[in-house]
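Protein chains: 4
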Amino acid sequence: MAKLKFGLVGGGYGAFIGQVHRMAAELDGLAELVCGVFSSEPERSQQAGTELYHLPSARAYPTTSAMFAAEQQLLDHERMDFVIIATPNHMHYPIACEALRSGFHVMCDKPATHSLAEALALQEQIQQSDRIFGLTHNYTGYAMVREARELVRSGALGVVRRVNCEYLQGWLAQAEDDNKQAQWRTDPQRAGAAGCFGDIGSHAENLVSFVTDLEIEQLCADLTTFVDGRALDDDGNVLLRLQGGAKGVISASQIALGKENDLRLQVFGTKASLEWQQADANSLTVRSADKPLAVHRSGWAGTTSQAIAATRIPAGHPEGYIEAFAQLYRDFCLTLLGNDSAALFPTIADGVRGMRFIERVVASSKAGGQWLSFVE
Amino acid sequence: MAKLKFGLVGGGYGAFIGQVHRMAAELDGLAELVCGVFSSEPERSQQAGTELYHLPSARAYPTTSAMFAAEQQLLDHERMDFVIIATPNHMHYPIACEALRSGFHVMCDKPATHSLAEALALQEQIQQSDRIFGLTHNYTGYAMVREARELVRSGALGVVRRVNCEYLQGWLAQAEDDNKQAQWRTDPQRAGAAGCFGDIGSHAENLVSFVTDLEIEQLCADLTTFVDGRALDDDGNVLLRLQGGAKGVISASQIALGKENDLRLQVFGTKASLEWQQADANSLTVRSADKPLAVHRSGWAGTTSQAIAATRIPAGHPEGYIEAFAQLYRDFCLTLLGNDSAALFPTIADGVRGMRFIERVVASSKAGGQWLSFVE
Amino acid sequence: MAKLKFGLVGGGYGAFIGQVHRMAAELDGLAELVCGVFSSEPERSQQAGTELYHLPSARAYPTTSAMFAAEQQLLDHERMDFVIIATPNHMHYPIACEALRSGFHVMCDKPATHSLAEALALQEQIQQSDRIFGLTHNYTGYAMVREARELVRSGALGVVRRVNCEYLQGWLAQAEDDNKQAQWRTDPQRAGAAGCFGDIGSHAENLVSFVTDLEIEQLCADLTTFVDGRALDDDGNVLLRLQGGAKGVISASQIALGKENDLRLQVFGTKASLEWQQADANSLTVRSADKPLAVHRSGWAGTTSQAIAATRIPAGHPEGYIEAFAQLYRDFCLTLLGNDSAALFPTIADGVRGMRFIERVVASSKAGGQWLSFVE
Amino acid sequence: MAKLKFGLVGGGYGAFIGQVHRMAAELDGLAELVCGVFSSEPERSQQAGTELYHLPSARAYPTTSAMFAAEQQLLDHERMDFVIIATPNHMHYPIACEALRSGFHVMCDKPATHSLAEALALQEQIQQSDRIFGLTHNYTGYAMVREARELVRSGALGVVRRVNCEYLQGWLAQAEDDNKQAQWRTDPQRAGAAGCFGDIGSHAENLVSFVTDLEIEQLCADLTTFVDGRALDDDGNVLLRLQGGAKGVISASQIALGKENDLRLQVFGTKASLEWQQADANSLTVRSADKPLAVHRSGWAGTTSQAIAATRIPAGHPEGYIEAFAQLYRDFCLTLLGNDSAALFPTIADGVRGMRFIERVVASSKAGGQWLSFVE
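Those protein sequence lines, which keep their order, are chains A, B, C and D. Position 317, counted from 1, in the first sequence is what our numbering calls 317; the numbers after and before it change by one each time, with no gaps. Position 240, counted from 1, in the second sequence is what our numbering calls 240; the numbers after and before it change by one each time, with no gaps. Position 183, counted from 1, in the third sequence is what our numbering calls 183; the numbers after and before it change by one each time, with no gaps. Position 246, counted from 1, in the fourth sequence is what our numbering calls 246; the numbers after and before it change by one each time, with no gaps.
Bear in mind the hints are in silico, worked out from the structure with no lab data behind them. Where a beta carbon is used, it is the ideal one built from N, C-alpha and C, also for glycine. Each hint should be verified, as a subset may be incorrect.
So, partial list: chain D residues that the calculated Cβ filter (under 10 Å) puts toward chain C [said to hold, decoys possible]:
# : residue
1 : Thr-224
2 : Val-238
3 : Leu-239
4 : Val-249
5 : Ser-251
6 : Ser-253
7 : Ile-255
8 : Ala-272
9 : Gly-369
I would like the entire structure built from these sequences, with the hints used as guidance.
Structure (structure tokens):
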């Protein structure tokens, strides 16, 4: 059985997340990069393809349309099977549509699209196609995040009452005029309606949903733009009223000076509670009223089958961000290969919900911090 | 020079905080317990005084009025100098007034009173007296909390932009019908307008104020009562808009199952940020953009004079809750002894602000989570 | 019932541990300081007694013999019940003997004496007296250290195979000529045969013994004096062969630059293992092969009765060094009061074993790191 | 520029480390697996090659000699460039020799060989060849381990005085008769003279050497076999006397029940000290006498160029075991590609020193724990 083949859009010079997608997609030996478009400038795309990715120049395409057209012509065992979209947000929708129309599966970076309207339109296109669409909310790939989800689903927590999720970064605490990564994330034309909440608030929402499976009923948001001249929010706090009476808070910031990628989730139920943070990603703290605190560890005894399935190496040998990201690709590839029994990668349903979250948060904040229903 | 002498109201059988006050007040050798009222039942008060506190029975008084009257008659070197009020909230105001009228200084447990109106009235009485009134928001006594305050005041953080403060407990996750401590805290007659937010949300507000010195301009609160039949909130989240444009979140819960006394503060400025948590009370994490993370430690090099003044023993020998509590008593006693240069104990100003916080939080929540000005 | 009364020898100007003894002995309200000798210079003793300890000048004695003579004359309800010896090591033996002969119980700082010979002589004197002698190996007072001991004794660890104990400090990394605390600890006349191993290596040995109850059969030591001109060891490592085939390592250092008071114990058995460190003193990590890691916490559910008995306040409100120290005094006082059911304070047996450890470690190291039997 | 090509020996069904080598070698996109021998049974080798590694069956070779012969015949752009040896220890030497003779570079798992004699012989062969030989002491690939090394080399620590290195595992605490990984590691025929010290004690020695660059002058070892019937040590402690007067301890165990892969290094100098542990691999704690503790973090400001070069993703997105392992392959590949300016991968010099360490530790222990010179 040969490996699956994929193309990559994005990930050129000065990019960060493109190489992560490549490493993640290839890690488990199920797939290999065979082509791509690495810049909106045709010449730079070809140069990056050969220099950064060691591709033959013929498959470092100048444009996505050239790529899709050319790859369609190739024989089965040569042609790419899926395309990874790792571009700024505004390009997700057109490229995803083009890929689906051309018959390719899609793995897309988050948030799904530039707007909720686009996400809904994309959802429709996906439903009408027979292609698979995955969304890389990569934190859901950590073994201990999956452990958290399983513990909630198993009833070990009882009824969930409270959820706190923080995602705090500090890298945009000052205006960073010459940082390519910063530029597009703070530009409404490329990022969408929200800055910080599009980029990382959406991860927090996804994590809350993935682990608790509770729908947001109402929210109240207070977003801020702290850096002068910035067009989008760089910080915010959102109160949540969740299905069944649970309450929550999501805090996200890109001006939390000194914070790295501090993603932290706490879920409190009537029987037990959970705490996880990316800084100690291989641990999940489980608390209850009548027992000593327990720490579930990746690869150690006493974890759920979902956690075991997402662990590659023995306990105490840490698995990190790339491995978690790779878990989504593993699930995605196994699904493409026909084995989708346990595939947990996020899909367009997450994408639509995430885009709705972004738009409702922005609307609530613009209304002065009013409580809004999640679905109008 | 003899020690100062104090009486204690509260702290009888089944109490918790009374003994803590006694240990804290005596720790530094500046004061000693000489009398008290340890129950609202005269006989039990006398029994507790001799059994629990080894007092002569003559000074285990049946009532506070008996105590104040008798102590006034004693000679200077025998009479108590101050009284500690460690009763349920509704008794703070009448006892404090009685003490002040009788010429005794007062150290009072928090929150200051049963209502904002009482706090304002008490403030007036204090202003008209020449007695000292202290309020035991004890977390402000930790050396590393004082370090945090000093770093903010020194400008080391630049302008504060964001504050997160969580105080999460789980001990009231179920109805605890036979727990004396739980009973009065969930009874509006004794606790006041708020349950969780009166008991510990008020500590969080005080900590934010102590460290940042920023006034709250507006707040939006969502309180919940999760346990059936409980009359007061047992959980809540509050969004803050602070003076100068900073934003904040206070989360407090007594149904956060498995949480002990998880008090955690984060303050983010334009130059640096701070993180402190009670679970690691002797450390203060200081982050900035251009240097490795620093951990300031109680008793170690590189801390401020305020932190040094609040540290008793060499670094690495942890100081805990009692020592922090004792720091307020040390400041208070030194003030009574005429040396008030560095006294940092909370006063009625904190008490009034704290009661206003409680009342505004309750009002916002009752209005469906509306934004309210802090001062009407 | 009145409090017990005690005198203090040591703890004058520039001292550290004397005040800790006083705070610890008084913390639980069972005892109070009534007299003492606070300097070898009579005038300074009297000054310190009144200034530092607020004693009447009559009971700030010029010498220990004056104190013992005068206190013997007092009435029962005024006379001290026990004396605390908090002097440099060479004074422990003569003062303890004097106290016992004068009819006073003794609480003595560690190590027990200046030499093994003295410790054996003291043991004999104690056996011939009806007075109680306690030794303040204070780390045995931590609730989670007692939890560790109980878990070992209960069989929860199975058979102990390996023990690691580190006590690392950095405060003597340079010659500190003007530091009173450093001076006597590095002076063989006052400290004894060992420097670092007398001061803190002995604590490590005591902790290993307290928790595992295993006798040392053989040891091999390699001590070092890193700082030029210092007369005693300031660092060392010792291999242990313990009763029943277990193995161990004790590392102690006072030149481990940047280390505070890093005391860390690991015990590995056939069924489970334990890890405790002073920096996180309220936690005890328990590991086993087939379950998630558990963290036993002071004051939380699932701990042993010995741990509960050594805990004063609710979980999450940290108890520190002074509280642990106070636990020994609580046990000691309860024993004096006739309730010795659960008294766990170290005695002269620990003192003799500890002095033997110091002497054998020094002998092994002087012999080039030879293996020696623990008992000659 | 095409990727480098490699073959893999080992890594078949039930193996662990083979896939790790494959993931690590491919992670940075510099190399790809093209062939291998995955079992000593020819048929299983072919099956594993196609099933586990998606190789064409022609390049899943039955034997290493078949592989080397066939690959030599291929054209430059098809032929493997290097071979990875991931077999039990006794096969390292013959396969490495065969590879070198056949003109292939070698990346070999540790320890280098089955005996010191073999290591010395291999060293000679390597010196006589023009091929590159690397040894996967993978912990040297962590960014923060490299940071530690750089800080020592820069003089930031002053003179090193003390080193503590622990590598504690618990997975062999019981006899595990049916575990393939356990079987060969406890079999002298396949593992060599030492069990635990061959498998992980050697990693500890390498880490000490890599970071401090200090030679061992003398050592004293006490090894133990705790599990009945086991032929090799499963636990041990070693005292070290290092070049320049520094002292050290290495503890390694595979019966430290409940421990995962707890590798922890502490280095104390005259100016500063370091602490690193695999459980928190992206942090390096730096302590000094006159400043707050600093935590250097992978990807954050204030780290050395060597650490930056070994970091792929932004701070706070943890990099783990596979990424560290991959760092050695990156260095190795860059060296093969002609850019060896900063290559830090271990070589046969480490292999020879490591085998000498194993043999001297065993000799010292067999002599009852005698001090031995490191080089006879």
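Okay, the hints, checked on the actual structure:
1. Thr-224: 5 Å, holds
2. Val-238: Given a least distance of 9 Å, the restraint on Val-238 of chain D holds.
3. Leu-239: 5 Å, holds
4. Val-249: Holds - the Cβ of Val-249 of chain D comes within 10 Å of chain C, reaching about 5 Å at its closest.
5. Ser-251: 6 Å, holds
6. Ser-253: 6 Å, holds
7. Ile-255: 6 Å, holds
8. Ala-272: 6 Å, holds
9. Gly-369: 5 Å, holds
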